[in-house]
Structures are given as C-alpha cells and as structure tokens.
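Produce the entire structure from the sequences given, and follow the hints as far as they go.
Here are the chains, one letter per residue:
2 protein chains.
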Amino acid sequence: MKALEERILKDGQVRPGHILKVDSFLNHQMDIPFINEIGKEFKRVFADRQVDKILTIEASGIGIACITAQYFGVPVVFAKKAQSINLDGDQYTAKVQSYTHNKTYDVILTKKYLSEGEHVLVIDDFLANGCAARGLIEIIEESGAILEGVGIVIEKGFQEGGKDLRARGINLKSLAIIKSMSDDGLEFEELDY
Amino acid sequence: MKALEERILKDGQVRPGHILKVDSFLNHQMDIPFINEIGKEFKRVFADRQVDKILTIEASGIGIACITAQYFGVPVVFAKKAQSINLDGDQYTAKVQSYTHNKTYDVILTKKYLSEGEHVLVIDDFLANGCAARGLIEIIEESGAILEGVGIVIEKGFQEGGKDLRARGINLKSLAIIKSMSDDGLEFEELDY
Numbered sequence: 001m002k003a004l005e006e007r008i009l010k011d012g013q014v015r016p017g018h019i020l021k022v023d024s025f026l027n028h029q030m031d032i033p034f035i036n037e038i039g040k041e042f043k044r045v046f047a048d049r050q051v052d053k054i055l056t057i058e059a060s061g062i063g064i065a066c067i068t069a070q071y072f073g074v075p076v077v078f079a080k081k082a083q084s085i086n087l088d089g090d091q092y093t094a095k096v097q098s099y100t101h102n103k104t105y106d107v108i109l110t111k112k113y114l115s116e117g118e119h120v121l122v123i124d125d126f127l128a129n130g131c132a133a134r135g136l137i138e139i140i141e142e143s144g145a146i147l148e149g150v151g152i153v154i155e156k157g158f159q160e161g162g163k164d165l166r167a168r169g170i171n172l173k174s175l176a177i178i179k180s181m182s183d184d185g186l187e188f189e190e191l192d193y
Numbered sequence: 001m002k003a004l005e006e007r008i009l010k011d012g013q014v015r016p017g018h019i020l021k022v023d024s025f026l027n028h029q030m031d032i033p034f035i036n037e038i039g040k041e042f043k044r045v046f047a048d049r050q051v052d053k054i055l056t057i058e059a060s061g062i063g064i065a066c067i068t069a070q071y072f073g074v075p076v077v078f079a080k081k082a083q084s085i086n087l088d089g090d091q092y093t094a095k096v097q098s099y100t101h102n103k104t105y106d107v108i109l110t111k112k113y114l115s116e117g118e119h120v121l122v123i124d125d126f127l128a129n130g131c132a133a134r135g136l137i138e139i140i141e142e143s144g145a146i147l148e149g150v151g152i153v154i155e156k157g158f159q160e161g162g163k164d165l166r167a168r169g170i171n172l173k174s175l176a177i178i179k180s181m182s183d184d185g186l187e188f189e190e191l192d193y
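So the sequence lines, in the order shown, correspond to chains U and P.
Take 1 as the starting number for the first sequence in this note's numbering and just add one per residue.
Take 1 as the starting number for the second sequence in this note's numbering and just add one per residue.
These aren't lab readings, by the way, just hints derived from the structure by calculation.
All the given hints hold, so there is nothing to weed out.
You can't tell identical chains apart in this list, so a pair holds if it fits in one copy or across any two.
For lysine-lysine, the following BS3-like pairs were computed, each having C-alpha atoms within a straight-line distance of at most 25 Å:
#1 K10 / K53
#2 K95 / K80
#3 K81 / K21
#4 K81 / K53
#5 K103 / K81
#6 K173 / K10
#7 K2 / K173
#8 K112 / K21
#9 K10 / K111
#10 K21 / K111
Written as structure tokens, this is what we have:
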C-alpha cells in the first residue's frame, strides 16, 4: 500500500533494536481517516474470501479491526491478554511469548464468540516474530473456525513471523513489508497484491 | 439511548458483585453497526462542543473511540496501562486504582499527542468508581488541554464515579445509566439529553 509506505517514511521513527515507532498515526495516536484507507485496503486484498468475523488482540489491534470490520460488514472479537487466568472452561487460551516485554502471557477468548465453521480474518497492527498471530491461530484451530487470512498493517520482513506463517500455507497479506531498517532509512518489499 | 437500554436488557448478564457482562456486543465481541449507532449518539449529545481529539484508555475503549471519532472527524489517542514504566520525561502519567483487578496501575500518554489548548472528549465503555476517568482527566489537566466532556456508554449510577465527576462540574454524558441491578433485573435512570 503506497500511501502506507509513504506515511511510514514520513512519520515513522527508527529506534535502536529494530524498533519502528508509528505511534503518531497507528498505535497510540490514531489517524482515523487514514485507518479507514487501511480498512478499505484490507477489504480489497481479501475480497475473494468469505469473512464472517474479524479476530484481533488487545490493545493496538482493536481500533484497526473495528474500522476494517465496517468494510466487511462483520463483528469483531478481540482476544485479551492476561498474566494469570481462571481456567473456567468457557475460554480458549494460548500462551504467547512477548519479545518486546520479555515475558509470556496468556491470550484468552470466550468460547461462545468463536464457533466451529465460522470464517475468520485475523487483523493486527504489527507482525515481527509472529507470536501473537500464532496464539490467535492456535485459538482458531482449537475452536474449529476457518482461518481465511491474516491481515497485518506493518510486517517486519527481516524477522521470522511472516516467513513462518507463509511456510504453513497461511494466507498472510501485510500492507507494508519492511525489508531492511537502519539509521540510514527503510526499504520495503515489493508486493504483488 | 433507548436502543442501548434495550440491548443491555436483551443481551447483558448480571453476575454476583454488581458485574454486568455486555461482552457479546460491546467489549469482547463488538457489534460494529450497533457501535456506529453509539458513535452517532455521542456526536448528537456533544454536538455543541468543540472537539479536536478523542481520548480513551486501552483496551475496551479503543474500538468505541475509533468508531465515534469518525462522526467528529478527529483523531483518537489512547492512554496505555502499565504496571511499571520508564519515566523518561516525555510521558504524562497518572496512577489508577482498579477495583475489578484489585491493583494499582499507571496510565501513560506520550506528551506530544496531547497539547495545551486542544479540546478533548473522553470516551470509554464503562464508568463505575470513575478511577480510569479521573486518571485521564488528571492527564488532561497536566497537559493544559481543555476537557469538553466525558462520554460513557454504560454508567453504573449506583456507584460513585458519575456523582463525583458531575460534582466537579464535568460535562459527563452516559448513554445508559443503571439505577439498580439485581437478579430481578435492571432499572435505568431517565436521561434528559
């Protein structure tokens, strides 16, 4: 998505440790008209898929998922992060390793909000190591729902998450894929969608 | 908002300890067309106010704030919850007591996303004791921004948060105010807006 690449180049800030800050428009302050354009683009790239529900994870995925859901005409369900949980049997759970925060947390989703046979699109803001996405996919598999695709706003293509998901045959489409990132600048991969 | 009261009566579940679960449509699974109606209603009740930015807090406020922001044509900024933070000087912080989780956490907001003189509307899903709202208001006061109002989807009118904010002269408008709640049912306060 050219407008996204341009926005990242204009407003993104590269920090030591391969950190890309885009919190002026995407995941702290949110430029809503721009996120509407992102939502329309997700609809375009997943137009051939049946989508009954959008699944995301708190916190920064939620706003993007809600705006995007308007273009699909479907509800959103967001998985919650918890460090300790009561396993009362009515929740799906998956363990997720966070490299950013150097800890493991549980991702939980109330079972009745994801059902066997439902067609699900996963939406999130970032994909790096892919831990959060794998947690969501684990929950989808446990539920018997059908994963139609994973839509990511910004993928760090030099980390393993994207390669791993594509190797598993998952229909992953990121709207911008960063090939390399340094103080000298950013380079994006060419997209064929 | 009549449609909201009806939806709470239809889909809300009262649990022991004055817990109202509305996670089938508002804060776990999200009924996006319905949340669009909520966004339009916030625009109606705050139509007389200048709003430059919507402020909310992660996680469940974010989606509602993003949908609502479309009707105001403004950006959203969401405060983050953190249990421990690096005070590097470029963040506003406030301490918030969570009764639900029985702990205190820090609410943080990057300073450059809230500026002196900006007109701010606070949006959140629930108001009970008002701790989260007070944390956001503290940050607004520290920034020098102007608080134009607080818009809440569901207020527990039998708890202290709403009374406290109104006593301080804050322009609080909740779309549904629960007067009483028990196994026998819910009662709502009449609204004059």
